[in-house]
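J.: The primary structure of each chain is shown beneath.
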Amino acid sequence: MLRFTLERLVGMVITMLLVSVMVFLIMELPPGDYADRYAFRKYSGTGVNVTEADIEAIRRDLGLDKPMLLRYFDWIGGIVLRGDFGQAFAFETSVAKVIGDKVWLTAGILFSTLLLTYIVSIPIGIFAAVRRGSAVDYGLTVFSYLGLALPNFLLALVMLYFANRWFGADIGGLFSDQYRDASWSVGKVWDLIKHLWLPAVVLAWSAVAIQIQTVRATMSDELNKLSVTAARARGVPELRLLIKYPTRLAINPVVSTIGFDVNRIFSELPIVAVVLGLTELGELLLRAYLDLDMNVAGAILLMLTFTIVFMNFVSDLLLAWLDPRIKLGA
Amino acid sequence: MTDATHQTDTTAEEARLKYYSASQWTLIWWRFRRHRAAMMAASVLGLMFLAGIFAEFVAPYGPVTRDTNYIEGAPQVPRFCDAGGCSVFPFVNGTKTERDPVTLRAISVPDPEVRHYLHVFVKGEPVKLLGLIPTDRHLVGLNPDVDQKIHFWGTDDLGRDVFSRTIYATRTSLSIGVIGVMISFVLALIIGGIAGYFAGVIDNIIQRVTEVIRVVPIIPLYMGLAAAMPKEWSTTQVYFAMTLILGLFGWPTLARRIRSQLLSIRNEDYVIAARLAGARPGRIIAQHMLPSFTSFIIVDLVISFPYMILSETALSFVGLGLRPPSVSWGVLLQQAQSVRAIEQTPWLFIPAIFVVVAVLAFTVIGDGLRDAADPYSEAH
Numbered sequence: 003m004l005r006f007t008l009e010r011l012v013g014m015v016i017t018m019l020l021v022s023v024m025v026f027l028i029m030e031l032p033p034g035d036y037a038d039r040y041a042f043r044k045y046s047g048t049g050v051n052v053t054e055a056d057i058e059a060i061r062r063d064l065g066l067d068k069p070m071l072l073r074y075f076d077w078i079g080g081i082v083l084r085g086d087f088g089q090a091f092a093f094e095t096s097v098a099k100v101i102g103d104k105v106w107l108t109a110g111i112l113f114s115t116l117l118l119t120y121i122v123s124i125p126i127g128i129f130a131a132v133r134r135g136s137a138v139d140y141g142l143t144v145f146s147y148l149g150l151a152l153p154n155f156l157l158a159l160v161m162l163y164f165a166n167r168w169f170g171a172d173i174g175g176l177f178s179d180q181y182r183d184a185s186w187s188v189g190k191v192w193d194l195i196k197h198l199w200l201p202a203v204v205l206a207w208s209a210v211a212i213q214i215q216t217v218r219a220t221m222s223d224e225l226n227k228l229s230v231t232a233a234r235a236r237g238v239p240e241l242r243l244l245i246k247y248p249t250r251l252a253i254n255p256v257v258s259t260i261g262f263d264v265n266r267i268f269s270e271l272p273i274v275a276v277v278l279g280l281t282e283l284g285e286l287l288l289r290a291y292l293d294l295d296m297n298v299a300g301a302i303l304l305m306l307t308f309t310i311v312f313m314n315f316v317s318d319l320l321l322a323w324l325d326p327r328i329k330l331g332a
Numbered sequence: 008m009t010d011a012t013h014q015t016d017t018t019a020e021e022a023r024l025k026y027y028s029a030s031q032w033t034l035i036w037w038r039f040r041r042h043r044a045a046m047m048a049a050s051v052l053g054l055m056f057l058a059g060i061f062a063e064f065v066a067p068y069g070p071v072t073r074d075t076n077y078i079e080g081a082p083q084v085p086r087f088c089d090a091g092g093c094s095v096f097p098f099v100n101g102t103k104t105e106r107d108p109v110t111l112r113a114i115s116v117p118d119p120e121v122r123h124y125l126h127v128f129v130k131g132e133p134v135k136l137l138g139l140i141p142t143d144r145h146l147v148g149l150n151p152d153v154d155q156k157i158h159f160w161g162t163d164d165l166g167r168d169v170f171s172r173t174i175y176a177t178r179t180s181l182s183i184g185v186i187g188v189m190i191s192f193v194l195a196l197i198i199g200g201i202a203g204y205f206a207g208v209i210d211n212i213i214q215r216v217t218e219v220i221r222v223v224p225i226i227p228l229y230m231g232l233a234a235a236m237p238k239e240w241s242t243t244q245v246y247f248a249m250t251l252i253l254g255l256f257g258w259p260t261l262a263r264r265i266r267s268q269l270l271s272i273r274n275e276d277y278v279i280a281a282r283l284a285g286a287r288p289g290r291i292i293a294q295h296m297l298p299s300f301t302s303f304i305i306v307d308l309v310i311s312f313p314y315m316i317l318s319e320t321a322l323s324f325v326g327l328g329l330r331p332p333s334v335s336w337g338v339l340l341q342q343a344q345s346v347r348a349i350e351q352t353p354w355l356f357i358p359a360i361f362v363v364v365a366v367l368a369f370t371v372i373g374d375g376l377r378d379a380a381d382p383y384s385e386a387h
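Each protein sequence line maps, in turn, to chains A and B.
Going left to right, the first sequence walks through residues 3 to 332 as the numbering used here numbers them.
Going left to right, the second sequence walks through residues 8 to 387 as the numbering used here numbers them.
Keep in mind that the hints were calculated from the coordinates and are not lab data.
Any given hint could be a false lead.
[As the list claims (entries may be wrong)] Subject to a maximum C-alpha distance of 30 Å in a straight line, what follows is the list of computed DSS-like cross-link-like pairs (lysine-lysine): (1) B:Lys103 / B:Lys130; (2) B:Lys135 / B:Lys238; (3) A:Lys44 / A:Lys99; (4) A:Lys99 / B:Lys238; (5) A:Lys196 / A:Lys227; (6) A:Lys104 / A:Lys44; (7) A:Lys44 / B:Lys238; (8) B:Lys238 / A:Lys68; (9) A:Lys68 / A:Lys99.
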């Protein structure tokens, strides 16, 4: 197990390195650089005449005149060694400040969504496999088609509309008005939980649809195995039998796709955040892109992707622990 | 009696002969034809493509033509009956302007006194069919002498016809999907082909790169590339840039499929024979190896359409994709971003139905094709 863990750890670090190069290239992509945009933002409309030389001076101050490779090492070095993601000009402060506790809000959304996905999809998938060909099974197939076809931002709009109708209150966002700028307290956490269900449902929607089908397919295969028949012949109670033999194997594909689920959730997050008015990293990422505040955008993209890479690593370990055959094959 | 038996024997024999001598593609087509849902999806999609290709003819008005007499107007559904009795031909009632009793805003309401009959192949705005053939005929509309326009699906806040805009948007969104899928297909062929054919170190490197692209969440990645488009680009430039962006990063899934298929057959006798005969790698891949799994590739291509369409819609929806005045499903849905829009102008959501239907249709066709392409899906 130790060897397996080490191998995966090295793989993770290599992937993270390559990802950071790619994120850096995306940050460099827009025309002009930080100095251009900084000067434009600071002095446009003030009547001050900015010359090429002024911009050149800003560039030199920030070390932006160095070759690209060196700038990459400056950037990644700052992050790894000092936790410094650079300057965010939209707010004239450091990226770390802008991001702040939004990281925790995003983590909250992520974990409530994952939890909801698995709590809903695993039992329903098992049920569908046991009752294959029933009306419920058929209904779930139709639902899984809709899971892909209904874009999440549309679902968000529809849910928002009905939530407004039924609950009357302002249901969007992550906090009620009185807690929005308050410091953290028990009341604020409770308020957050009350608001989290809507984004969780919207984001879990497509993942649930896909996972139900995955669980159903594996479970159907496993139910036909001789081990199940043998256990049934021995008189093992049906529920215990289900949990002990087929379910144990049927959750393997779910565990192995945790990384994909996180990927999908992060992919949908910015759009859903705009519709639901969530103030977390996804929304900030979109705003940073629109403002070309590439230091903020790069930092967020890096964080999201690193989370996915890390979750892939966790899922590999979990899987090896659940299913020892994997370890031998690797 | 014996004659009749003999007759059925020969027809059954002929059918069997036909079955055994049919080509792979004929067999796939026969199996696909039996898949009722997939056939239905294919015809719906066919209609969408036709409407998109002949948008200038199908849409009664241009995508930016304004009707200032009917702003934020409700859909006008053609009908056969009204208070004044029924008619054989469909018509819509005229409109008149009244004050909203609550907000005192001027609004258009139907005038039951007036009937305007629908006409086909009416004269209207001069357009260029497919951008080439000049014509002023449109599929349906009102008599051009009448001083009123017909808005099947209502109008937006500038008085632009939602039906016409949706038809033009269908062309944009579907074409972006088609071009995007083609670009990623070519890339997947090259990258997956190299990895699968040469295997070893090259394969390892390519796998690493593929892994990195797959691990970055795709919409935030697309958003980053789209954000880099210079603001002063024309709508045409933005359009081509969008297809490129979607195509350039859509290949990993298909490339992996091609790679693993190639790896599994690269040591087959016929491949080695071709290599010994001195064929070049490109020829071996294209002529000898690819044909063995072309049908799988087609299935994968069809299934990757929805992702292209949904990505384009999502990007345009948040303002990082196509920008007005171009029209795509996402651009149209931008106007319907708020709960207020759902309450007051629900017809602005009609383009969303197109998105859902198109994605569903591609998925169902993909499933049908997969079943049809599987040679073991029926026992004979």
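J.: Against the structure shown, which of the earlier numbered hints fail to hold, in ascending order?
T.: 5
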